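> These protein sequence lines are chains S and C, in that order. Here the first sequence is numbered in the numbering used here, starting from 1 and rising by one per residue. Here the second sequence is numbered in the numbering used here, starting from 1001 and rising by one per residue.
Hint data in this document are derived by calculation from the structure and do not stem from the laboratory. All of these numbers come straight from a predicted model, not from anything done at the bench. Be aware that a few hints might be false.
As the list claims (entries may be wrong) - Pairs of lysine-lysine, DSBU-like flavour, derived with a Cα cap of 30 Å:
hint: 1; chain 1: C; residue 1: Lys1157; chain 2: S; residue 2: Lys91
hint: 2; chain 1: S; residue 1: Lys5; chain 2: S; residue 2: Lys212
hint: 3; chain 1: S; residue 1: Lys91; chain 2: C; residue 2: Lys1083
hint: 4; chain 1: C; residue 1: Lys1297; chain 2: C; residue 2: Lys1233
hint: 5; chain 1: S; residue 1: Lys313; chain 2: S; residue 2: Lys266
hint: 6; chain 1: S; residue 1: Lys65; chain 2: S; residue 2: Lys91
hint: 7; chain 1: C; residue 1: Lys1297; chain 2: S; residue 2: Lys212
hint: 8; chain 1: S; residue 1: Lys212; chain 2: S; residue 2: Lys22
hint: 9; chain 1: S; residue 1: Lys33; chain 2: S; residue 2: Lys22
hint: 10; chain 1: S; residue 1: Lys91; chain 2: C; residue 2: Lys1297
hint: 11; chain 1: S; residue 1: Lys65; chain 2: C; residue 2: Lys1203
hint: 12; chain 1: S; residue 1: Lys313; chain 2: S; residue 2: Lys33
hint: 13; chain 1: S; residue 1: Lys313; chain 2: S; residue 2: Lys208
hint: 14; chain 1: S; residue 1: Lys33; chain 2: S; residue 2: Lys5
hint: 15; chain 1: S; residue 1: Lys212; chain 2: S; residue 2: Lys280
Said to hold, decoys possible - Covered stretches of chain S (chain C as the covering partner; in silico rule of three or more C-beta atoms under 8 Å from a C-beta of chain C):
hint: 16; segment: 78-87
hint: 17; segment: 92-105
hint: 18; segment: 118-127
Heads up, the beta-carbon is just placed ideally off N, CA and C, and yes, glycines get one too.
Listed below, chain by chain, are the residues.
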Amino acid sequence: MTQAKPFPLNSWYAAAWSHEIKHELATRTICEKDVVLYRRSDGQIAALEDACWHRLLPLSMGRLKDDQVVCGYHGLVFNSAGRCTYMPAQKTINPSACVRAYPTVERHRLVWLWPGDPALADPAKLPDFHWNDGTEWVGEGGTFYSLRCDYRLVVDNLMDLTHETYVHAGSIGDEAITSAPFEVTHTDRSATITRWMIDIDPPPFWAKQLGKPGHVDRWQIIYFQAPSTVVGDVGVALTGTGAPQGNRSQGINGAFLAAITPDTEKSCHYFWNFVRTFRKGDEQLTRDIQRAHVNNGQGVYDQDHDVLEAQQKAIDKNPRLPFYNLNIDAGALWARRLTEQMVASEHGQGMHVPSQAAE
Amino acid sequence: MAEQIDWRSARLRSIRDLTSDIRLFEIEPSGEFVAPAPGSHINIVVQINGRPDVRCYSAVGPCRDGVYRIAVKLLPDTRGGSKYMWSLAPGAQMTISTPGNHFELSHGRPEYLLLAGGIGITPIFTMAMALAQENANFRLLYACRRRQDLALGDELKERIGDRLQTFIDEEGARIDLDSEIARLSPRGEFYVCGPIGMLEAAKRHWQQSGRPMDQLRFETFGNSGRFASEPFKVKIPRLGTEVDVLVGQTMLEALEAAGVEMISDCRRGECGLCALPILETDGVVDHRDVFFSEEEKAANTKLCTCVSRVIAGSITIDTADRAS
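Bound-form chain S, shown alone (with noise of 0.2 Å):
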C-alpha cells in the first residue's frame, strides 16, 4: 500500500528555467522522481525516466544520439517518448522495453513538468506565471536546487510577511506589517492575502526606490495557487495618492514570484523571481536587485534559505509535530488545505497530514 505523500503528483511543476534545457542531457529529481531531460532539435523539450528499462543506470549517465538517448551500460536507445527504438544483438525489440515519459510545457520562461497521471496532464492547469514572461515586469531570478526543506515550508514562508520584520529587517522588514490588519480569501485553488499598511514611513529598500520623499501607502497582496506557485503583488505609494482605491499611479510596483518543486518529501526547487514594472529598462538596478536577494549568503533569499533548512533539521528532531499556529497563519493554512484536497482526490481518500492532527 503506498503511503501518501505530501505533495500531489497531478500537477505541473517547475522543473528547470527554459535557458538550462539545451540539446544535452540535464537531470531533476521532481516529487521524489529521477528525470533527465533534454531539448530535441526541434526545440521540444523531452523528459523520461531516469533509469534504464535494463538494469535501472541513469539514462543520464548516456550520451544524445540525434534526438534519443543512448545507454551508457548497454546501448539501448530511447525516442523522446520513451520507446525503445534499439536493443543490442537482437533483431527485434521487446514491446514491454519503454521508460515513463513526462509531459513537459515551456511557458513563462520555466519548463514545467508534469509527474503524475500523463492523460490528465492539461496546460489550462497551469498556473498563471505571466509575471515571469519578461515582457510587462522585468526582473531576474534564479533557482535554489534541493533546497534541504519540505516544500510546504516556502509556501508558508511566503504566505505570511510578518517574517520580514525579523528576518529582512533593515531591507523589506518593517514594524508596520506586523501591526497592519490583513484579509485572507480563497477559491478552491487559491488563496488570497491582502495587507495594505497605509500612511507608514517606508522601509529602506522602497524609500530608496520610490525616490520621493514623505509618507507611503504600502501593500503586499500575496496570491497563492495550488500546489506550490507563489506571487507577491507589492509596492509603496506615497500616501493619500489613491493607491488602497486602485490609482497606483504614484508608487512603484514589484512582484515575488515563486514556483515552489518538492524534490523529495524534506528537499525541494526553488525558483524564484522578483520582478518591477519600474526602470525596466534599468539593467543594473535588475542585477542589484538579483544581488539583494541572492549575494553569496548576504541577501534576502539567503536569510529564507538559512532560516528553512534549520526549520527542517529542528522538525526532523522534534517529533513535537504539528506546529502550533497563529491568526498570522490563516494564508498558509488555506494554501495547505487546498493542497491537502489535491492530494487527497488523487488517493480517494482524506490523508493524513501530520501537520494539522491536533494533539
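Given chain S, put chain C in place with the hints provided.
Okay, now just chain C, sitting in the frame of chain S:
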C-alpha cells in the same frame, strides 16, 4: 518500466457472458483501488491442478468505479487458467495484483489506428474508450472468426459509432492492412492486440510502409499460435533424455518439471531468455513469440520455449548444460 507486483485480496462481484466463450468478470479489490490506465493488465492467482499459478488479463474499460473488469475466453486445450476462471462463482475470494502496463497508450498523437483480433479486443476496447473520451482522432478495426464472437461489439458501436469497423472472417471480410496503414497520419500510431498471425502481419505491413517501428505498439500474452496446441516430444541428446510436453503446459514448464535447468523471464515470448537451439525436428515449429524476427523464425534454428510449440512431430534441442 520495471513492474512491481503488489498483491491484495479481492472478491468476484459478478460475471456476465459476452459471447458463448468469453466471460466478463467484475472484481472488487480490498484496500486502495488503483485505476488501470489503458493497456493495463492485472495479475490473478489461479489454481491449476491444485497448484497456484499467475495469469495476466487486460482491464476492460476505464474501471473508474473501483471495480476491475476483465474478460476471459474459455480455451479448453490450453494451460488451464481460463478453465479455472470459468469455474468461479460470484462471491469467490481471489488474489489479484494492482495494474501493470506493458502496452501503454500515448497521448496527444495526431491519429491512432487500433487493431484487435478476437479476445485481443480487451485492451483495445479500453484504449478506444479513452481515446473517445479525449476526442482523439482514431479508428478501430476489429476482426473475429464468427459474428457471434464479437465480444463488446454493441458497447463499441454505441460509444464510438462508425469509428468501429468489424471484419467477420467466415463472412469473407479481410482487412487491407496496406491501405489502412497508408491512410494513417505520418505521426499516427498503430496499436495491435490479437493472435500471433495478426501481429506478424501487422509488423510486416508496417515495416514495408517504411514507418518508424516505435509507432507500432502491440501486446501478446503468447497464448495463440498458427496451429492448435497438441502434445509433443522433446529429445535432448546432451542430457540423454526425452520430455513430453502436454497440451496444458508450455515446453518451458515441461523442461523445468523434468529437471532441465532453464533461465527465463517474461514467459510470454518477448525477452528471448528461454530460447534454445533446435537441432532437428520432424514436425512443424509453431513460433508464438515476438522475440525472433520473421527471418529468424523461417531459419528455424532456435525457439522460445515459453510459448512456442511443435505440431505433427517431435523436436530435438540442445541446452546450456556443459560438463563441469
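> Does each hint hold? Answer for all of them.
Status of the hints after comparison with the structure:
1. Between the alpha carbons of lysine 1157(C) and lysine 91(S) the distance comes to roughly 39 Å, so the proposed pair goes past 30 Å and is violated.
2. Note on lysine 5(S) and lysine 212(S): the hinted pairing is violated, with a Cα-Cα distance of about 49 Å set against a maximum of 30 Å.
3. With a C-alpha separation of about 36 Å, the suggested pair lysine 91(S) and lysine 1083(C) falls outside the 30 Å cut-off, and the hint is violated.
4. With a C-alpha separation of about 20 Å, the suggested pair lysine 1297(C) and lysine 1233(C) falls inside the 30 Å cut-off, and the hint holds.
5. Annotation: proposed proximity of lysine 313(S) to lysine 266(S) holds, straight-line Cα distance about 10 Å (limit 30 Å).
6. With a CA separation close to 20 Å, the supplied pair lysine 65(S) and lysine 91(S) stays within the 30 Å bound.
7. Between the alpha carbons of lysine 1297(C) and lysine 212(S) the distance comes to roughly 86 Å, so the proposed pair goes past 30 Å and is violated.
8. With a C-alpha separation of about 45 Å, the suggested pairing of lysine 212(S) with lysine 22(S) is violated against the 30 Å cut-off.
9. Between lysine 33(S) and lysine 22(S) the alpha-carbon distance is near 21 Å, which keeps this suggested pair within the 30 Å criterion.
10. Annotation: proposed proximity of lysine 91(S) to lysine 1297(C) holds, straight-line Cα distance about 11 Å (limit 30 Å).
11. Of the pairs offered as hints, the one joining lysine 65(S) and lysine 1203(C) holds, with about 26 Å between alpha carbons and a cut-off of 30 Å not exceeded.
12. Of the pairs offered as hints, the one joining lysine 313(S) and lysine 33(S) holds, with about 23 Å between alpha carbons and a cut-off of 30 Å not exceeded.
13. Only pairs whose Cα atoms come within 30 Å are accepted, and lysine 313(S) paired with lysine 208(S) is rejected, the gap being roughly 36 Å.
14. Simply put, lysine 33(S) and lysine 5(S) have alpha-carbon atoms about 12 Å apart, close enough for the 30 Å limit, and the pair holds.
15. Between lysine 212(S) and lysine 280(S) the CA atoms are separated by roughly 18 Å; this keeps the pair inside 30 Å, and the hint holds.
16. Interface restraint, the segment 78-87 of chain S with chain C: holds (5 residues with C-beta to C-beta distance below 8 Å; minimum three).
17. With 9 residues carrying a beta carbon less than 8 Å from a beta carbon of chain C, the segment 92-105 of chain S meets the three-residue requirement, and the given coverage holds.
18. Counting residues of the segment 118-127 of chain S whose CB lies closer than 8 Å to any CB of chain C gives 3, so the stated coverage by that chain holds, three being the minimum.
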